[in-house]
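> Here is what each chain is made of, one letter per residue.
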Amino acid sequence: QVQLVESGGGVVQPGRSLRLSCAASGLVFSTYAMQWVRQAPGKGLEWVALISFNGGNDYYADSVKGRVTISRDNSKNTLYLQMNNLRTEDSAVYYCATDRDDYWGQGTLVTVSS
Amino acid sequence: DIQMTQSPSAMSASVGDRVTITCRASQGIRNYLAWFQQKPGKAPKRLINAASNLQSGVPSRFSGGGSGTEFTLTITSLQPEDFATYYCLQYNSYPLTFGGGTKVEIK
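Protein sequence lines correspond, in order, to chains A and B. Residue numbering for the first sequence follows the numbering used here, beginning at 1 and increasing consecutively. Residue numbering for the second sequence follows the numbering used here, beginning at 1001 and increasing consecutively.
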């Protein structure tokens, strides 16, 4: 069955960096556009970024543009989210998800706090 | 950017009730709208895409409608497992944007 497993979350100080990973299995990863969606504690869903199936195109929410980079390694079936200059408002559960077919990971929690 | 305004933000309903949630887009998005259901501590689950296309395995009591700027999600005969938070998502243009969510609670 399809599995998306996020990792890399944790507690980090404001201004620091963090890289999230999403390991995919059970699907032909290289044929799926992939995205990150986040949810701050007690808040709604916020779309963060999307990358095309081959990595040739990427798109970002205004709230993270310039601080965040989405990337992928199709040889490793892995999606990444590099987050720099983190702010307290970036604290959230980060989900990776496919663009189609509605596959989601279980989420990884990022807490930005001094 | 396209803003998605969802209403109501919360509602109380009883099992068997008919429930309608509305999503308004700040500009036309054709039918590029999806509806998601999320239960506490779980990842969202897509119910509908293309405004009215029910996803495989989703009960037929869920239906979606609308196009352009006004969209609805209707649940006929609310069931206990339907108490959750619902979100719309526009995917007409980047950045993609979610509505603020509608929490459906038990009356």
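Calculated from the structure, these hints are not laboratory results. Computed from a predicted structure; not experimentally measured. Among the hints, erroneous ones may be present.
Unchecked claim - Only pairs whose alpha carbons sit at most 20 Å apart, straight line, appear in this in silico SDA-like list of lysine to any residue: (1) B:Lys1103 - A:Gly10; (2) B:Lys1103 - A:Gln3; (3) A:Lys43 - A:Val2; (4) B:Lys1103 - A:Val93; (5) B:Lys1045 - A:Gly26; (6) B:Lys1042 - A:Gln82; (7) B:Lys1042 - A:Gln3.
> Any of the earlier hints contradicted here, and which numbers?
1, 2, 3 and 6
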